[in-house]
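**Student:** From just these sequences and the hints, can you work out the full model?
Sequence lines, in order, name chains P and R. Going by this note's numbering, the first sequence opens with residue 1, and the numbers climb by one from there. Going by this note's numbering, the second sequence opens with residue 1001, and the numbers climb by one from there.
Derived by calculation from the structure, the hints in this document are not laboratory data. If you're wondering where the values come from, they're calculated on a predicted model, not measured in any experiment. In this text, a Cβ means the ideal position worked out from N, Cα and C, and glycines have one as well.
Derived lysine-lysine pairs resembling DSS-like cross-links, with alpha carbons at most 30 Å apart:
no.: 1; chain 1: P; residue 1: K144; chain 2: R; residue 2: K1531
no.: 2; chain 1: P; residue 1: K171; chain 2: P; residue 2: K108
no.: 3; chain 1: P; residue 1: K144; chain 2: P; residue 2: K108
no.: 4; chain 1: P; residue 1: K144; chain 2: R; residue 2: K1225
no.: 5; chain 1: P; residue 1: K171; chain 2: P; residue 2: K230
no.: 6; chain 1: P; residue 1: K108; chain 2: P; residue 2: K74
Label pairs and their calculated CB-CB ranges:
no.: 7; chain 1: P; residue 1: F193; chain 2: R; residue 2: R1232; range: 41 to 47 Å
no.: 8; chain 1: P; residue 1: Q137; chain 2: R; residue 2: G1238; range: 34 to 40 Å
no.: 9; chain 1: R; residue 1: D1414; chain 2: P; residue 2: E57; range: 42 to 48 Å
no.: 10; chain 1: P; residue 1: M112; chain 2: R; residue 2: A1539; range: 23 to 29 Å
no.: 11; chain 1: R; residue 1: I1355; chain 2: P; residue 2: G15; range: 38 to 44 Å
no.: 12; chain 1: P; residue 1: K108; chain 2: R; residue 2: A1317; range: 32 to 38 Å
no.: 13; chain 1: P; residue 1: T118; chain 2: R; residue 2: I1383; range: 26 to 32 Å
no.: 14; chain 1: R; residue 1: V1156; chain 2: P; residue 2: Q137; range: 51 to 57 Å
Which chain P residues stay away from chain R? Per the calculated CB distances, all over 12 Å, these:
no.: 15; residue: E21
no.: 16; residue: D189
no.: 17; residue: F193
no.: 18; residue: E200
no.: 19; residue: G234
no.: 20; residue: D237
no.: 21; residue: R244
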Amino acid sequence: MGILASQQLTKRFGGLIALSELDLDVAERSIHSIIGPNGAGKTTYFNCVTGFYRAEEGRTFFNTQPIDTLTPDKITQLGIARTYQNIRLFANMTCLENILVGMHPHLKSSWMGAILRTPATRQDEAQAHEEAIRLLQFVGQRGKGDYLARNLPYGEQRRLEVARALASRPKLLLLDEPTAGMNPRESMDTMAFIRRLRDELGITILLIEHNMRVVMGISEIITVLDFGQKIAEGTPDQVRNDPRVIEAYLGTRRGVAGVGA
Amino acid sequence: MRSDRGSWGRVISGGLIFGAAAVFVSLVGMVEALGVRVIVIGVIDFGRLLLLLIGLGAGYQAARRGGGGALTALLRGLLAGAATGAGLAALLVLGSVVNLRGMFINASPALFEIISFGRGAAGVPLVVAAGAVVGVLGAAATLLPGTVRGPLGAGVTATIVIGLFQELLQIILQGEEGVRAAIRQLIFVPEGLPPRGALEVFVVVLVASALWRSRRPVVRSWISKRPPRTQRLLRLLGLLLAVAVVLVLPAAGGLFVSQVLVLVGLYTLMGLGLNLEVGFAGLLDLGFVAFFAIGAYTVGLLTSTGQYGVAHWSFWAAVPVALVVSLIAGFLFGLPILRIRGDYLAIATLGFGEIIRLLALSDALRPWFGGSQGILAVPKPNIGGFEFSGPMQIFYITLVSSAFIAFVAARLRDSRLGRAWMAMREDEDVAEAMGINLINVKLLAYGIGGAFAGMGGAIFAALLGSIFPHSFNLLISINVLALIIVGGMGSLPGVVVGSLFLVGLPELLREFSDFRFLVYGAALIIMMQVKPAGLWPAAAVRRELLKEEPVGAVTEGPVAERAEA
Chain P
1 MGILASQQLT KRFGGLIALS ELDLDVAERS IHSIIGPNGA GKTTYFNCVT GFYRAEEGRT
61 FFNTQPIDTL TPDKITQLGI ARTYQNIRLF ANMTCLENIL VGMHPHLKSS WMGAILRTPA
121 TRQDEAQAHE EAIRLLQFVG QRGKGDYLAR NLPYGEQRRL EVARALASRP KLLLLDEPTA
181 GMNPRESMDT MAFIRRLRDE LGITILLIEH NMRVVMGISE IITVLDFGQK IAEGTPDQVR
241 NDPRVIEAYL GTRRGVAGVG A
Chain R
1001 MRSDRGSWGR VISGGLIFGA AAVFVSLVGM VEALGVRVIV IGVIDFGRLL LLLIGLGAGY
1061 QAARRGGGGA LTALLRGLLA GAATGAGLAA LLVLGSVVNL RGMFINASPA LFEIISFGRG
1121 AAGVPLVVAA GAVVGVLGAA ATLLPGTVRG PLGAGVTATI VIGLFQELLQ IILQGEEGVR
1181 AAIRQLIFVP EGLPPRGALE VFVVVLVASA LWRSRRPVVR SWISKRPPRT QRLLRLLGLL
1241 LAVAVVLVLP AAGGLFVSQV LVLVGLYTLM GLGLNLEVGF AGLLDLGFVA FFAIGAYTVG
1301 LLTSTGQYGV AHWSFWAAVP VALVVSLIAG FLFGLPILRI RGDYLAIATL GFGEIIRLLA
1361 LSDALRPWFG GSQGILAVPK PNIGGFEFSG PMQIFYITLV SSAFIAFVAA RLRDSRLGRA
1421 WMAMREDEDV AEAMGINLIN VKLLAYGIGG AFAGMGGAIF AALLGSIFPH SFNLLISINV
1481 LALIIVGGMG SLPGVVVGSL FLVGLPELLR EFSDFRFLVY GAALIIMMQV KPAGLWPAAA
1541 VRRELLKEEP VGAVTEGPVA ERAEA
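**Tutor:** In C-alpha cells, the structure reads:
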C-alpha cells in the first residue's frame, strides 16, 4: 500500500454516481496524475480525500491509517494539503498571513499565551514568520508579504496557494489543475517547480491536470477517470496508447464517424 | 447634443433628489426642532444649517459629475441648487394652498416661516434664488485647490462645532478670571456665539490650518532626520499628551460630559467584543446585548445589598466572575449555532438576545432576577475608601477597562487565533482544510467577544445602581453593530471613533434624540457609499488603499470555473 490508497470508493450525488468503486494507490515520493474529461470525478476524489465529502462506500487510507471519517482539519494535520481548481486564497489577508494560516496545525500557542505574549508564544511566532518568509522566497515572491492576496496577479496567486499548502508541512500535496489559465512558458515553469517540490522537499504529488503536455512531461504514473470509473492506469506511454483512453477523449470510432456523416 | 441635454437633465434630477431630502427633513420636524439650537446668534441655527448643507451638497455633487470647465461646473451647481430650492418652494406653495398639518404634523407655520425667510408664499422666488446661490457655492468648493479648500473647510467646521456646543463650552470655560474666562469672553457672549466670535474662530482656525499645511512637510522631515531614539521619545511624548488630555476630560467637562463619555466607553467595550465576532471572525451577531445583560446581572446579583443580592461581594470581586460567566455564556450560546452560516446566523442570534431579556423579565424567574422590577441597590465600586460615586469617577474604570480590552483584542488579532478567525471569515471551508478546528475557533470568538461585553455590563450595573430588563433591548445590539460598521469593520480605533460618532454625538446634541435612528440610517447609507471601509479602516485595508496597485494586478481569477461533479 502506498502513501495514499483508496479502495472501492463510491460517491453519489442523488442519482448521479460521481465515483464508482474507485481503487487508487499513490506511491510515496511519486508524481501521480489524474486525468479525464470534465465531470469524470477528479475533483470529487480530491474532496473525498480531504474530508470535504464523505464517500458512501469504500475506504481511504493515508499511511495505512483510515481517514474516511475524519474532518478536514484532522486530515490536514495528518499531512495532506491541497490547492483549488478555482483559486481559494484568503483574499483580504496579506500573503504572509495566508501562509501563517497554513502553518496553523503545527503552531502551539494558545489564546491565553497570545494575550500574555509568553516567551514560548513569542518564539513560536518569530519562527513562524521566518518560515513564512522562507516559503515566500521559495515560491519566488520575496518581498510581497504585505500585499493583500487578492491584489496579486493570477499566476502569483496560484503560487501563493501552493506556498500556503506547503506551510502545513504536508507529506502529500494535492494540486487541482496547477497550470490552468497559464501560457505554455508559465506551464513549463510550474512543471519544474512541481518537480522541485518532490525532489527537494520529498513531497508526494497527486495532481489533476488538463494540459497534456504537462501531464505527459511530469507524471510518473497516470490514472484516467471517466464517469467516475478508472478506465486506465500506467506510465505516460502506456496511457497514451491505451484504446480506452483514446475512446474516452475522442469518442468511439463509430461515434467520430457518426459526427462526420 | 442629445447626450449633453441628458447630462443637464441628470443635474436637475440630482438637484431634485436633494430637494426631496430637504423637504423630508423639514416635514419630519428636524428643521424646526434643530432650529432651537442657535449656532451663530442672529445668523444661523442648526435647522437652517441642515438645509444649507443639503443645498451645498447638491451643488457639490452636481459639479463633480461630468467634465467641462469651471464655468460649466458652476452652472451645474447653480441648476442643481435651484432645483433643490424648487423642491422647498413647492412645499411652500402646497402649504399655502392646502393645510398640510392634517397629514404632516410638523408642517407648522413656524416651519414655513423658516423656509420662506418669513415671507410666506411670496418667498418662492427667493427660495429658488437662494438655492441657486448655495448650489454655486457648493460647486465652487470643488474648483478650489486643496491648499485653499482644506483650511477653509477646517475654519467653517470649527466654527460650526464651537457654535453647536457653545453651551457646553461655556460651562467648561466658566469662571471669573484667568485664561478660561479670557477665552470665553473673547469668543462668547452669555447667550451664545456672536458673529464677531464666529469670525474670530473662523480666522484663527483658517490661519492655523493653512500654516500647518505648509509647515507639515518641514516638521515631518525634521522628525524623520532625528535619531531613532529621539523619534521614539517624541512619539511617547505625543502619546502621554493624548493620555493626559483624556484623563482631565471628566474634570474639565463636568458631569454631563462625563456621563456621555462613560456611555461612549460602555459602547466601546461592547463594540470591541462585537468587532471580535463580526469584524475578525465574520460571525454576524444580532443578539449581542445578551452578554451585556449577563455581565450586568452577574455583578448586580453578586453585589446588591437589596432584596435579590446573593453574596454582597465588592464590585472588584464580582467583575472577574462576570467576565467568566459571560465567557461561558458565549460558549453555550455558540454551541447550537455552530453549523449555521450567513443570514441564518443573524436570525438565530437575534433570538438569543431576546431570550435572555425575556428570561430576566419572566415571572418564573422573578424570585431570583426580580422580573420587571429589576435589581436595586447595586453599590458603587470603591478602593480603600475612595468611592466611584458617579460618572466622573466611573469614567476612569471604563477608560482603564477599554484600554485593557483593546489591548487584549489587539494581541488576539495578531495571534494564531486571530489569523484563524480571519481565515474563517474569508472562507470557512478552506479555513477548515488548513487544519483549523472550526468548533474551537468559533466558540472562542463567541466566548471572548461575550466576555468583553460582560465587562461593559458589569460597569453599567455599577453606574446605574440598578438593573432593569428593559435596558437590554434589541436596539442596543443594533447600535453596537452600526457603530462598528461606521468605525470600520475589524478596526480597533474604529470602534472608539464609531461610538464617539454614533453614541457620543447624539447625546451631546439632545435635539437629535427624536431623529436618532433616522440619522443612523442616513449615516450608514452615506458611509457605505462614501467610505465603505469605515471612518478608521483596519490596518491591512488602509495599507492597501494607500499603496499603489501592484503593476499588472489582476483582481479576479480569469479562469471560468469548469463544471466538475
